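Engineer: Listed below, chain by chain, are the residues.
Number of protein chains: 2
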Amino acid sequence: MRTRPLKVALLGCGVVGSEVARIMTTHAADLAARIGAPVELAGVAVRRPDKVREGIDPALVTTDATALVKRGDIDVVVEVIGGIEPARTLITTAFAHGASVVSANKALIAQDGAALHAAADEHGRDLYYEAAVAGAIPLIRPLRESLAGDKVNRVLGIVNGTTNFILDAMDSTGAGYQEALDEATALGYAEADPTADVEAFDAAAKAAILAGIAFHTRVRLDDVYREGMTEVTAADFASAKEMGCTIKLLAICERAADGGSVTARVHPAMIPLSHPLANVREAYNAVFVESEAAGQLMFYGPGAGGSPTASAVLGDLVAVCRNRIGGATGPGESAYAALPVSPMGDVVTRYHISLDVADKPGVLAQVATVFAEHGVSIDTVRQSGKDGEASLVVVTHRASDAALGGTVEALRKLDTVRGVASIMRVEGE
Amino acid sequence: MRTRPLKVALLGCGVVGSEVARIMTTHAADLAARIGAPVELAGVAVRRPDKVREGIDPALVTTDATALVKRGDIDVVVEVIGGIEPARTLITTAFAHGASVVSANKALIAQDGAALHAAADEHGRDLYYEAAVAGAIPLIRPLRESLAGDKVNRVLGIVNGTTNFILDAMDSTGAGYQEALDEATALGYAEADPTADVEAFDAAAKAAILAGIAFHTRVRLDDVYREGMTEVTAADFASAKEMGCTIKLLAICERAADGGSVTARVHPAMIPLSHPLANVREAYNAVFVESEAAGQLMFYGPGAGGSPTASAVLGDLVAVCRNRIGGATGPGESAYAALPVSPMGDVVTRYHISLDVADKPGVLAQVATVFAEHGVSIDTVRQSGKDGEASLVVVTHRASDAALGGTVEALRKLDTVRGVASIMRVEGE
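Chains as they are written, first to last, in numbering that gives the first Met the number 0: chain A, 0 to 428; chain B, 0 to 428.
Calculated from the structure, these hints are not laboratory results.
No experiment lies behind these values; they were computed from the predicted model shown.
Take the hints with a grain of salt, since some may be wrong.
Same chains, same label: a pair holds when it works inside one copy or across any pair of copies.
Straight-line distance between alpha carbons at most 25 Å, and here's what the computed SDA-like set of lysine to any residue pairs gives [unchecked claim]:
1. K150 x L40
2. K150 x G35
3. K6 x A336
4. K150 x M0
5. K69 x D29
6. K150 x R1
7. K150 x E53
8. K6 x P330
9. K6 x V369
10. K6 x V51
11. K6 x G331
12. K150 x A32
13. K150 x A31
14. K6 x S333
15. K6 x G326
16. K6 x A31
17. K150 x P4
Given only the sequences and the hints, what does the whole structure look like? Please build it.
Structural biologist: Pasting the structure below:
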C-alpha cells in the first residue's frame, strides 16, 4: 500500500457532508485497504464555521471554499453543497487545480453535466455522481458500466422519496394532498418549502441524468416533461383503486419504438397494484430498467437521507481514489448516440379520464365520437349518475399524448361535458 | 477513437457464447463508441466445429482453445465454457499470454477465485465475472464498487432460477417437488440432471462469491453450509401458508453481530409473504443487501438465460477493454479483512418444527422442557390431533443453529415424539 495519503476536500458539511466525514474517520482503515492508500480529510468548507461539528478537527474548517479547491494538493473534492452556484464554479476550479470531483448535486449535473464532464476530461480528472440519483441505490454505475454492453430501452422509476411518502400516505389513509404533505413535513420527509419535490423539479433533474446515461445522449433539463403531484386528490386514489391501481410520481425515460428518438418525463401516473413499483412504500425509491439483452431489472433502496447518500458518495470516492493511484480515469460522459429528444406529445401512453356529464341519452355516443375523431381507442367506460348529474370514467388504449391531449380539449368543448374532473396517465403495463 | 481493434477470444459458443458473439456483431458500433475502440471477435473455441453457427465466420472457429489463448494478440478472453477444467488452465494461460479475462463461471470462481485473481495480478490483467452470480443483475459491481465505502452486514437472496421456478410452482399450484421439477424440466428451466441446482451446489458457489466480495474475506466453497430443496414438500408449503409465509431457497451471507466473523449458507427457508423476496416469481432472482450506511438495497432481475447472461458478460467486456486502453486494471480481489468464517452451528436463526406426537396429556410439557434445556425460546406452538395421533408445530425465537439442532436431536429421543415431520428455518424478519 502506498503511504502518502490521498487528500480529500469536503465542500458542505450538512446532513450528507457530516456523515461522509464521520465515515471517513471511523472507517479509515477499511477505506485505506480498499483504496490502496490512506485517505485524509484535508479541509472542510462550510458557511457557518462556528457550529460545533463532532469528530471534525476545527483546524480543517474554512469558509473559503475557493481557496480550499485551489490549494493544489487536493486529490478529490467532494461537493455536497447542492444548488448551481457556487457549486459549479468550485467544481470547475477543482478540475483546473488537479482534483477529481465526487458530487451529489442532481440539479447541477442535470443542468451542466456536459460542460462539467468536458472540464473533467480537459484536465484528465474524474467526475462521479452516483449520489445525485436515488440516494444509496447503485444506479448510475450499473447503467453506465454494468449495462455498457446492452441497449437500454426504458427506465421507469420512483426517484423522489418525499413525494412517494406523501402519495403512499394518501393511498393508505385516504388523506388529501395537503394533509399528507403536512404529515411528511412534520416527520422531516418534506422540506419547509417542498416545491422542488412536489412540483417534480427534483425528479425531473434525475430523469434528465438517467436518460442521458441510459441512451448515451445529452438530455437537458428542458427536454424533460414535468408535471408535479399537487393536483392529485383522494378521489383520484379512489378511481385508481377501482381500476386495481395506485398512483405514483414516476420518472419515465423511453426509447421510441423505432429506436430513433427518446423521451423523458416526470408525472403522477396510475400503475397496477401488481407492478413491483406499486409496493414501494414511504420514502423508498425504486427504478426499473428494461434493456434488450438483460430484460427487466429493478433496483430498490433508500432514496435520500444522510447515511444512504454518504454511502453512495463514499463508493464514488473509493473509485476515484483508485483511479488516481492507477493514473487512470473512469468512464466519463457518453453522449455519442446523440438521439433527438422528442416532446411529450410524441409519448405513447394511456389516459384515465373522469368527466362530469349531463345525465341524458346520447352523451356517451358524443364522447365516444370525440375519441374516435382523434384516433384514440377506448379500453373501458364506466358510467354512473343520479339526479341529472352523471360521471363517465374513460380509460383509453395506448395513443400519443398529443392525440390524448387533443381529445380532452375537444371533450371540454362539448355542451354535455360539464367538466373534466381528472386526467391521469396509466403506466406500467 | 483508436482504430486498432481490441481482439476478443470466445471460449465456448453455447447458449451464452453465441449470444455474446451475436451482440458483438450486431451492436459493434455501439460497443466501439462506448469502449473508445472497435472490438473484434478474433477466435471462437468450440467442441463441435461442424455445428452451424449463424453469424459467426467459420474461419474463426477452432477446437484448439489452448492455441487460441496463447496467440499473444488477444486482448480479452471471454470464458463461457463452465466447469473447472479446462476453463481454469485456459484462464491462467490467457493471463500468462497477456489477455484479461471475463468469465461467467461461478463454480470455478467460487473454488479458485483467489488463485485466479493472483494470476491476474501477477500479469497486470483483469478478471471480471459479473455474469457468474445472478445472471444479468448487476451485483458484483455494486458490491465491489458502489458499496466500497460502506460496511455490508448481510446479503440475502434468491440466486438460483431453477429452484425458484420449482418452489414458485409448488407454492402456487400445491404440486409436490417431483411434479414441479418435471414441469420445470419440460419447460427448459431445469437441466436433465438437475443436481447442481436442486442440491444447491450452484447457489452455494454464488454465496461463496458474494460473501467474499461483501466481507472482503476469502470464503471457500467448503465454508458455505449447503442444504438442497429436494425434501421440501407440499405439506411444508401448507405449514408456511398457515404462518403467512412461503418457502424460498435462500443464499444468506452474514456478518456476526460482534462483527468478528461471517457465515455463508444456502438452504430452503420460510419467509413472510410481506417480504419482497416472497414475491420473486418463476426463474427470477433477487438479492437484498443490508449495509451500515446505505441501509437495505434490493437488486432484481433475470438470473439466468443466454441473453441476460450475455448482457453481464458484455458489460464486463466493455469495462475490461476500457481498462486496457487506459493502461489500468479494475479493482481485483479484496480479502484484506480476512475474517474467520464460522460454521453453521454459530448462525442465529429461527426454526419451524412439525412433530408427530402421542395424543396424551403432558406431551407439550415434555417437548417444552427439551426446548428450555437447550436454551431455545419458543415463539408459538400449535397443537392438533385426533384418534390418538397428534401434531405439534413449534416456531422458535432466534437461537444458534447448534442449539436448535441439539433440540431437535433430543426431541427425536422422546418416547412421546413419534417423528419429526419437518424442520424449516424461518428468515427475513
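Engineer: Each hint should be assessed against the structure and marked as holding or not.
Structural biologist: Structure-based check of each hint:
{"no.": "1", "hint": "K150 x L40", "result": "between (40 Å within a copy, 20 Å between copies)"}
{"no.": "2", "hint": "K150 x G35", "result": "between (34 Å within a copy, 17 Å between copies)"}
{"no.": "3", "hint": "K6 x A336", "result": "between (36 Å within a copy, 24 Å between copies)"}
{"no.": "4", "hint": "K150 x M0", "result": "between (39 Å within a copy, 21 Å between copies)"}
{"no.": "5", "hint": "K69 x D29", "result": "neither (29 Å within a copy, 38 Å between copies)"}
{"no.": "6", "hint": "K150 x R1", "result": "between (39 Å within a copy, 23 Å between copies)"}
{"no.": "7", "hint": "K150 x E53", "result": "between (46 Å within a copy, 21 Å between copies)"}
{"no.": "8", "hint": "K6 x P330", "result": "both (22 Å within a copy, 20 Å between copies)"}
{"no.": "9", "hint": "K6 x V369", "result": "neither (66 Å within a copy, 59 Å between copies)"}
{"no.": "10", "hint": "K6 x V51", "result": "within (23 Å within a copy, 57 Å between copies)"}
{"no.": "11", "hint": "K6 x G331", "result": "both (22 Å within a copy, 23 Å between copies)"}
{"no.": "12", "hint": "K150 x A32", "result": "between (35 Å within a copy, 13 Å between copies)"}
{"no.": "13", "hint": "K150 x A31", "result": "between (36 Å within a copy, 14 Å between copies)"}
{"no.": "14", "hint": "K6 x S333", "result": "between (28 Å within a copy, 22 Å between copies)"}
{"no.": "15", "hint": "K6 x G326", "result": "both (16 Å within a copy, 24 Å between copies)"}
{"no.": "16", "hint": "K6 x A31", "result": "within (12 Å within a copy, 35 Å between copies)"}
{"no.": "17", "hint": "K150 x P4", "result": "between (40 Å within a copy, 21 Å between copies)"}
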